[in-house]
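So you can see what is in the structure, the chains are spelled out below.
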Amino acid sequence: MTNMKISDQPAQTPEVMIGAISRLLRDGEWVATGTLSPIPAAAALLAKMTHAPHLTTLIYGDPDFRLSEGFHELFALAQKGKIDVFFLSGVQIDKRGSINLSMLGDYNHPTVRLPGGAGSSMLSALVRRVIIFTTSHNQRLFVPKVDFINATATDDAPWRRGGLSHVVTPLCTMAFDGTKKEIILESLFPGVDLEEVVRNTGFDLGIGGRSIPIMTPLADEELAVLRGPVRERMRLIYPQFAASVWGS
Amino acid sequence: MHSDLMKVRRDLKTVRDPYSGNEYVVVLPVIPDVAIIHAAKGSRNGEITTDATRNDRLLAMAAKKTIAVVEELVEPEDVLPGRQEVFVASVHIDAVVLAPGGAHPTGCPRIYETDAAHIREYVAASKDEQGLAAYMEKYIFAPEDHDRYLEVVNFRGGNSGSSTSGNRSGRKQL
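For the protein sequence lines, the chains are Y and L, in the order given. No gaps in the numbering here: position 73 of the first sequence is 73 in this note's numbering, and each next residue is one more. Convert by adding 248 to the 1-based position in the second sequence; the result is the number in this note's numbering.
Don't take each hint at face value.
Calculated pairs, EDC-like style, for lysine to aspartate or glutamate (alpha carbon to alpha carbon, straight line, at most 16 angstroms) [what the hints assert, rightly or not]:
{"hint": "1", "chain 1": "Y", "residue 1": "Lys80", "chain 2": "L", "residue 2": "Asp281"}
{"hint": "2", "chain 1": "L", "residue 1": "Lys312", "chain 2": "L", "residue 2": "Glu325"}
{"hint": "3", "chain 1": "Y", "residue 1": "Lys180", "chain 2": "Y", "residue 2": "Asp147"}
{"hint": "4", "chain 1": "Y", "residue 1": "Lys80", "chain 2": "L", "residue 2": "Asp342"}
{"hint": "5", "chain 1": "Y", "residue 1": "Lys145", "chain 2": "Y", "residue 2": "Glu195"}
{"hint": "6", "chain 1": "Y", "residue 1": "Lys181", "chain 2": "Y", "residue 2": "Asp156"}
{"hint": "7", "chain 1": "Y", "residue 1": "Lys180", "chain 2": "Y", "residue 2": "Asp204"}
{"hint": "8", "chain 1": "Y", "residue 1": "Lys181", "chain 2": "Y", "residue 2": "Asp220"}
{"hint": "9", "chain 1": "L", "residue 1": "Lys312", "chain 2": "Y", "residue 2": "Glu73"}
{"hint": "10", "chain 1": "Y", "residue 1": "Lys180", "chain 2": "L", "residue 2": "Asp342"}
{"hint": "11", "chain 1": "Y", "residue 1": "Lys82", "chain 2": "Y", "residue 2": "Asp155"}
{"hint": "12", "chain 1": "L", "residue 1": "Lys312", "chain 2": "L", "residue 2": "Glu271"}
{"hint": "13", "chain 1": "Y", "residue 1": "Lys82", "chain 2": "L", "residue 2": "Glu271"}
{"hint": "14", "chain 1": "Y", "residue 1": "Lys180", "chain 2": "Y", "residue 2": "Glu196"}
{"hint": "15", "chain 1": "Y", "residue 1": "Lys145", "chain 2": "Y", "residue 2": "Asp204"}
Honestly, the hints are just simulated from the structure, not real lab data.
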């Protein structure tokens, strides 16, 4: 027990997702995370403490992230073009990379009414890269076509700066193919079968004849930083998430 | 709309508000490449407090880059706005420069007053090229740094004793 390294415990699914997102972040980028985004927040911290020391992290709820008067300043930064990466999720995500945060079913007679799109539409157009993260992977989430579009992966709006970059789920990473304007499978997490991903996705993942690589497992150093200093920061920012993944 | 400004500013355009139907003059946003603002307190994180009656936070948010010149460098937890100050978050600030007396010959509210005598001297000197050149030489080109400048202008005021020692400029590390 005493000789066990911190990295000896196998990586849990949220840790693999955090590692996958961390590797998508590039040194020097301004990375912002919104509400209810513990996995992206941990990923931004992990990236900054490993391969991207010059990352600027704007983490909602971080006691070290002080605004002057409100979260609208973050929207203003996005409008100015200062935010490189933002994270979104949805209750439905489709092949074209659109997300739904509003409701399920018919808009006027929804089966489920949800909080709505908030700033997702504006942010997805005005930041350089959007990374979608999900905490499940099934056909209710990944649908052929969303019931309501809150944010598009790309479109021809003249003010648009960027768009969808990647989707990270508990099973895999997907990339947005800017030419086909479709989500395609990029890599499988260690231990995940291709068939499991295909079976749980409600649209064609553009695999064709490609061989889908397995993501390189988290290195000892990544796990040690994640379970050390990142965990300590996450206990302040997202205490419930930290407790659920790492214990108290 | 009905002022003579519209006669002399032919570049100004009007637009009909699609909700009320009213016609309004619209102007393009001003987006400075660099804003330089003066503040009372700042931290190495890039947080500052500035005078509430000015619009320096708006300026910092509008500019592509903002440099804050501060009277005093303090710890992040001490960057707290006073009764007549506002806080400006570090996301709007690109660099912090410690320069006590840095607002001279204008003032820094509640720390030192405008140096009216110096401004009168400048106004008199700037009436002709020769006078302006002499002023520039004496106050701007000859003093080798900010401390010498403060000596030459006989600056009194500010946070006594808080100047000069150590590293004067705090490049923020986010």
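Can you give the numbers of the hints that this structure goes against, from lowest to highest?
-> 2, 3, 5, 8, 10, 11, 12, 13, 14
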